[in-house]
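*Asks:* Below are the chains, spelled out letter by letter.
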Amino acid sequence: MADVPQNAGYMVAAYIVTAVILLGYAVSLGRRSRNL
Amino acid sequence: MSLVRRGRWITLVALVLLAGVYVRALAFTPIERLQGPAQKIFYLHVPAAIWTEAAMILVGLAGIFFLFLGDPRLDRFAEASAEVGTVFATIVLTTGPIWGKPIWGTWWTWDARLTSTLFLFFLYLGYLLVRGAVRDPGLRARYAAVLGICGMCLVPFIHLSVYLFRTLHPQPIILKPSGPSLPDSMLVTWLFSLLAFTLLYVGFVTQRYAVSLARDARETAAAEHG
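Residue numbers (the working numbering), protein chains in the order written: chain C, 1 to 36; chain H, 37 to 262.
Incorrect hints may have been included.
[Claimed, not checked] Using C-beta positions, here's what the derived DEER-type ranges look like:
hint, chain 1, residue 1, chain 2, residue 2, range
1, H, V182, C, Q6, 46 to 52 Å
2, C, L36, H, H261, 15 to 21 Å
3, C, R34, H, I67, 22 to 28 Å
4, H, L105, C, D3, 37 to 43 Å
5, H, L103, C, G9, 19 to 25 Å
6, H, F158, C, V20, 34 to 40 Å
7, C, G9, H, H261, 34 to 40 Å
8, C, D3, H, V49, 35 to 41 Å
9, H, R109, C, D3, 53 to 59 Å
10, H, W144, C, R32, 29 to 35 Å
11, C, G9, H, L105, 47 to 53 Å
12, C, R34, H, K212, 40 to 46 Å
13, C, G30, H, F193, 34 to 40 Å
I should point out that these hints are in silico values taken from the structure, not numbers from a laboratory.
Note that the Cβ used here is the ideal one computed from N, Cα and C, for glycine as well.
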């Protein structure tokens, strides 16, 4: 395991960015559809 | 159950599934030895990329059928699919560079796969801008249909670009003629994620379709009274 690159920060960043984009859009859709 | 409520429920189930994907991918899926933890971006990047391309194919197909049949439901579906495709394309274009930096040593390179995917994103934006700029519903639907068909034609090129050109982006390891070349534990996580993204697409499109349906009803009522 000593040879495995230590780049977990990038992984965490990508998972956070994805969650923010998806949750942001879900909230946006929820607000728009609530005003129907 | 109304269309909006159905869409919300599907989205909620998809988000819970995606939370399960996060747990499985981060805690219960082995770390790839050569790339390290950054390889786990694969479980989000690739399903998002598949639905970015599939959404545009569906926009194009809906556009073709709309031009023949003139059914407004097809136009509404295309609009919804394009908006959701734009969201997934944003995920692809943000997670890709975050994955590329530790593996390739650069955030971005102008190779065929990355450039054509960026072009697809701009096509999505152009599609949504055209829809926002044209006020006449009939013209708006026809212009959008033509743009959607153009976008659909780009998708096969994006998928094949890694075979046609020398690119930094790797060739597919799942969607290829010889079948997936991935250990079972990683493949199961990836399939789980693909299911979550598929449900997200369905849930988002259902809700977005309901928004368009309500807007069209308002426009029709305004035209009748004004």
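*Asks:* Would you say the C-beta atoms of L36/C and H261/H sit inside 15 to 21 Å of each other?
*Replies:* holds (19 Å)
*Asks:* So the hint says 46 to 52 Å: do the beta-carbon atoms of V182/H and Q6/C match that?
*Replies:* holds (49 Å)
*Asks:* Evaluate the given range 19 to 25 Å for the C-beta pair formed by L103/H and G9/C.
*Replies:* violated (48 Å)
*Asks:* Per the hint of 35 to 41 Å, is the separation of the Cβ atoms of D3/C and V49/H within bounds?
*Replies:* holds (40 Å)
*Asks:* Between the beta carbons of W144/H and R32/C, is the distance compatible with 29 to 35 Å?
*Replies:* holds (32 Å)
*Asks:* Quick check on a hinted range of 37 to 43 Å for L105/H and D3/C, using CB atoms only.
*Replies:* Taking Cβ atoms as reference, L105/H and D3/C lie about 59 Å apart, which means the hint is violated.
*Asks:* Taking 34 to 40 Å as the hint, is the beta-carbon distance of G9/C and H261/H inside that range?
*Replies:* violated (58 Å)
*Asks:* Against the range 34 to 40 Å, how does the distance between the Cβ atoms of G30/C and F193/H compare: consistent or not?
*Replies:* Taking Cβ atoms as reference, G30/C and F193/H lie about 35 Å apart, which means the hint holds.
*Asks:* For R34/C and K212/H, compare the CB-CB distance with the range 40 to 46 Å and indicate the outcome.
*Replies:* holds (43 Å)
*Asks:* Does the Cβ pair G9/C, L105/H satisfy 47 to 53 Å?
*Replies:* holds (51 Å)
*Asks:* Does 22 to 28 Å hold as the CB distance between R34/C and I67/H, or does it fail?
*Replies:* violated (42 Å)
*Asks:* Confirm or reject the claim that F158/H and V20/C have a C-beta distance inside 34 to 40 Å.
*Replies:* Taking Cβ atoms as reference, F158/H and V20/C lie about 22 Å apart, which means the hint is violated.
In terms of the numbered hints stated before, the structure departs from hints 3, 4, 5, 6, 7, listed from lowest to highest.
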